[in-house]
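Trainee: So the chains spell out like this:
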Amino acid sequence: MKIKVIAFGVAREIFGSGTIETELYTDASVGTLRNLLEQKYPRLGQLASYMVAVNSEYAEPHVVLAANDEVAVIPPVSGG
Amino acid sequence: MTEIKLTPLPIDVTYCVNAVMSPAAGGIDVFIGTVRDQTKQKKVLRLEFEAYEKMAISEMEKIAASAFAKWPLLKVLLHHRTGVLEVGEVPVVIAVAAAHRDAAFEACRYIIDTLKQTVPIWKKEVFEDGEVWVAAHP
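From first to last, the protein sequence lines are chains A and B.
At position 75 of the first sequence the residue is numbered 59 (our numbering), and the sequence of numbers has no breaks.
Adding 3 to a residue's 1-based position in the second sequence gives its number in our numbering.
Just so you know, the hints here were simulated from the structure itself, not pulled from any lab data.
Heads up, a few of these hints could be off.
Think about it this way: if two alpha-carbon atoms lie no more than 30 Å apart in a straight line, the pair counts; the simulated DSSO-like pairs of lysine-lysine are [unchecked claim]: (1) A:-14 <-> B:57; (2) A:24 <-> B:57; (3) A:-12 <-> B:8.
Looking at chain B on its own, in the form it has when it is part of the complex:
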């Protein structure tokens, strides 16, 4: 089972954990991304996320399918926010259930690392004195 969602509304972390619960699971691994208050000693006011929604969903589906192919998993959930997020808010949750913890840990790491490389979602960091699209320039 895979559940993928791109949403302008706050992510419900408890829902995400419950959604991957399974009697066959020996463990659930959860990654919760949170908005940090600074980047390179500069105070971050907020983040603004933008997505190419159709392709972001299809790329997240590819990542989930590839995780299922690499590890014996039971359930995978990827939820990602769009829009304006304040410090402490949650832009992303990955939840993975598997019969054994090694698979859950490794797949969860793989999913968030790959999401950051391939899924067409962008964040702009807004500082007190300006703003920057993360990773846009060398």
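Next up, chain A with everything else stripped away, as it sits in the complex:
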């Protein structure tokens, strides 16, 4: 399945785009997506940390993805 990943801040700069598409097997997890993204974009793994959000909720690595999920890469936040 194709998963659309949106990215913000430093992650958007690492991807070179605010949205990327990636191919994952059906029922892949957030953890699988993280590994794949870190292989493709090594600078992602060099961040202090980052989270993945699925449909606007922070998602742990075990969460299973669906093709129409809104998936976002959330680098360390720094609002305020």
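Got chain A sorted already, so can you dock chain B onto it with the hints?
Mentor: Here is chain B on its own, set in the frame of chain A:
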């Protein structure tokens, strides 16, 4: 009552205070974030804020709900800016009204501290010789 806003326009601090006024309130606590002119002795020219708007709003709503659950509050307001901010401008205002000041002080502190940890908003510091996403790297 909770009022939450993410805006590219300047935050009206007087509006924020008036919005949480209540006859039942014994006090209002307000945190006003301002853009500092330096970081680690380096001159800051401006800050650029970016937000995952939909999720930023929902995370701010969660923080307000959790503050209402922890303290007896009357009204809570969170306004946060996006876009380019110059030194001295206001990126964030938290205003909390409660019957008694202990609750207002503690909740206001809790809200700004939690916002900085969980709300998907990012700031880039722009210096004379470069720029950096705050907190991005170890």
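Trainee: Hint by hint, note whether the structure agrees.
Mentor: How the hints compare with the structure:
1. A:-14 <-> B:57: 23 Å, holds
2. A:24 <-> B:57: Since the Cα atoms of residue 24 of chain A and residue 57 of chain B sit roughly 27 Å apart, the hinted pair holds (cutoff 30 Å).
3. A:-12 <-> B:8: Holds, at roughly 27 Å.
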